[in-house]
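K.L.:
One letter stands for each residue in the lines below.
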Amino acid sequence: EPEVTQTPSHQVTQMGQEVILRCVPISNHLYFYWYRQILGQKVEFLVSFYNNEISEKSEIFDDQFSVERPDGSNFTLKIRSTKLEDSAMYFCASKGGQANTGELFFGEGSRLTVL
Amino acid sequence: LAKTTQPISMDSYEGQEVNITCSHNNIATNDYITWYQQFPSQGPRFIIQGYKTKVTNEVASLFIPADRKSSTLSLPRVSLSDTAVYYCLVGVLSGGYNKLIFGAGTRLAVHP
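Protein chains in written order, with the working numbering: chain A, 1 to 115; chain B, 1001 to 1112.
Among these hints, one or two may not hold up.
[What the hints assert, rightly or not] No farther apart than 30 Å at their CA atoms in a straight line, the calculated lysine-lysine pairs in the DSS-like style are these:
{"hint": "1", "chain 1": "B", "residue 1": "K1052", "chain 2": "A", "residue 2": "K57"}
{"hint": "2", "chain 1": "B", "residue 1": "K1003", "chain 2": "A", "residue 2": "K57"}
{"hint": "3", "chain 1": "B", "residue 1": "K1099", "chain 2": "A", "residue 2": "K78"}
{"hint": "4", "chain 1": "A", "residue 1": "K42", "chain 2": "B", "residue 2": "K1069"}
{"hint": "5", "chain 1": "B", "residue 1": "K1099", "chain 2": "A", "residue 2": "K42"}
{"hint": "6", "chain 1": "A", "residue 1": "K83", "chain 2": "A", "residue 2": "K42"}
{"hint": "7", "chain 1": "B", "residue 1": "K1099", "chain 2": "A", "residue 2": "K57"}
{"hint": "8", "chain 1": "B", "residue 1": "K1003", "chain 2": "B", "residue 2": "K1052"}
{"hint": "9", "chain 1": "A", "residue 1": "K57", "chain 2": "B", "residue 2": "K1069"}
{"hint": "10", "chain 1": "B", "residue 1": "K1054", "chain 2": "B", "residue 2": "K1003"}
{"hint": "11", "chain 1": "A", "residue 1": "K57", "chain 2": "A", "residue 2": "K83"}
{"hint": "12", "chain 1": "B", "residue 1": "K1054", "chain 2": "A", "residue 2": "K42"}
{"hint": "13", "chain 1": "A", "residue 1": "K78", "chain 2": "A", "residue 2": "K57"}
{"hint": "14", "chain 1": "B", "residue 1": "K1069", "chain 2": "B", "residue 2": "K1099"}
{"hint": "15", "chain 1": "A", "residue 1": "K42", "chain 2": "B", "residue 2": "K1003"}
{"hint": "16", "chain 1": "A", "residue 1": "K42", "chain 2": "B", "residue 2": "K1052"}
{"hint": "17", "chain 1": "A", "residue 1": "K83", "chain 2": "B", "residue 2": "K1099"}
The hints are simulated quantities; they were obtained by calculation from the structure and are not laboratory data.
Next up, chain B with everything else stripped away, as it sits in the complex (with noise of 0.2 Å):
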C-alpha cells in the first residue's frame, strides 16, 4: 500500500482558498486517491476521490499531477465550520477490497 505523506496541520482564514497537498511517491497503477474530513468524536466523511487530473464537486477540488506521486485538496472559501482533520487515501478500489489506510492526516484550524 502506498503510503502518504501530509502536513501536520494548516492555518487558514474565513473566505480563503486552502490547498493541502499530500504526497503518495510509490503510487501504484491501480491506485486511486480518495480524501475524506472528520470533526471531533465523530466519523470521517468522504470529501472526493480521483485518479488523474483533475476532479471536482460541490464542496472540493482535487488535483493530481501526470505522475500521480502528489494530490492537492484545494476546499474554496474556507469557514470556520470546515476546521477540521483532512485525511489523504491511496488504495486499490476494487470491488470490496479497499483497505483504505488512513494517515495521520492535516489538522485545519480555520480562524476568524
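Isolated chain A, as found in the complex (with noise of 0.2 Å):
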C-alpha cells in the first residue's frame, strides 16, 4: 500500500538553527500538508499546498516557517530559525486528486527536539 513517508524520524538542534524535514508524498497525490503536534497536544494545522503555492495556511505559519517541492516529489518543511517551542512531532499528509474527500494519508511523523 503506498504511503508518505517522512525523514529524519527524529531530529535534536540548537535554538535558533535551521532545520528541514522532509517528505515523500504519494506519488500521484496533488495536495499536500504539514500539522504539527507538541507532546500531548493536539494535531494542529500549519500549511496546505497545491500546484507550487501555499493553499492555506495557520497563525502558527509564521515568517520562520517555510515549503518547498523542490523536484516533483519532495516536499519539504523548513524552520529558519528554531525555537524551543518548535519541539513538537511534525506530520505530512498528502490527498489525491478527488475533490470532496477528507481522506489525508498522513506519514509516520518527524520529532523535532530544540535545545
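Reassemble the complex: the two chains are provided individually, in unrelated frames, and hints are given to aid placement.
P.N.:
Here it is, written out as C-alpha cells:
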C-alpha cells in the first residue's frame, strides 16, 4: 500500500538553527499538508500546498516557516531559526485529486527536539 | 470553521460496541464530517467521512441526523487495538482547500 514517508524520524537541534524536514508524499497525490503536534496536545494545522503554492496557512506558520516542493517528489518544511517551542512531532500528509474527500494520508512524523 | 465538541475520554471492554458523539452546532452547508484515529507517536489515520444520513465502511459507521449538528462514530465489537484517540473534524473539502482542523479528540481505552 502506498504511504507517505518522512525523514528524519527524529532530529535534535540547537535553538536558532535551521531545520529542514522532508516528506515524500504518495506519488499521484496533488495536495500536501504539514501539521504538528506538541507532546500531549492536539494536532495543529500548519499549511496546505497545491499547484506549487501555499493554499492556506495557519497563524502558527509565520515567517520562520517555509515549504517547498523542489523536485516533484519531495515536500519540505523549513524552520529558519528554531525556538524551544518548535519542539513537536511534525506530520506531513497528502491527498489525491478527488475534490470532496477528507482522506488525508499522514506520514509517521518527524520528531523535532530544540534544545 | 465549525467548532467540534467531543467527550475527552471513554472506556469500553473488548467485544462491545462503542459510540462516540461529536457536536458541531454551527456546521455550514458545505461542510463534511470526517473522523480520524491516532495511536501514540503515529500520524492520524482516516476512518470515515460523511455528509448526511448514515455511512458504513469495513471498520466503522457514521450516523448523521437530519440537522447535521452532531454525528456519531460507531465502532462495532472493539478490541484492545482500538485503544486510540478519535478525532471528529468538520470542514469544507473542495479540492485542496480542506484545512481540516483537529480538536482535542476522544481518548478511547478498551479494557480486556
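K.L.:
All the hints need checking, so say for each whether the structure fits it.
P.N.:
Results for each hint:
no.: 1; hint: B:K1052 <-> A:K57; verdict: holds, 28 Å
no.: 2; hint: B:K1003 <-> A:K57; verdict: holds, 18 Å
no.: 3; hint: B:K1099 <-> A:K78; verdict: holds, 20 Å
no.: 4; hint: A:K42 <-> B:K1069; verdict: holds, 22 Å
no.: 5; hint: B:K1099 <-> A:K42; verdict: holds, 15 Å
no.: 6; hint: A:K83 <-> A:K42; verdict: holds, 19 Å
no.: 7; hint: B:K1099 <-> A:K57; verdict: holds, 8 Å
no.: 8; hint: B:K1003 <-> B:K1052; verdict: holds, 18 Å
no.: 9; hint: A:K57 <-> B:K1069; verdict: holds, 27 Å
no.: 10; hint: B:K1054 <-> B:K1003; verdict: holds, 21 Å
no.: 11; hint: A:K57 <-> A:K83; verdict: holds, 19 Å
no.: 12; hint: B:K1054 <-> A:K42; verdict: holds, 27 Å
no.: 13; hint: A:K78 <-> A:K57; verdict: holds, 14 Å
no.: 14; hint: B:K1069 <-> B:K1099; verdict: holds, 20 Å
no.: 15; hint: A:K42 <-> B:K1003; verdict: holds, 14 Å
no.: 16; hint: A:K42 <-> B:K1052; verdict: holds, 26 Å
no.: 17; hint: A:K83 <-> B:K1099; verdict: holds, 25 Å
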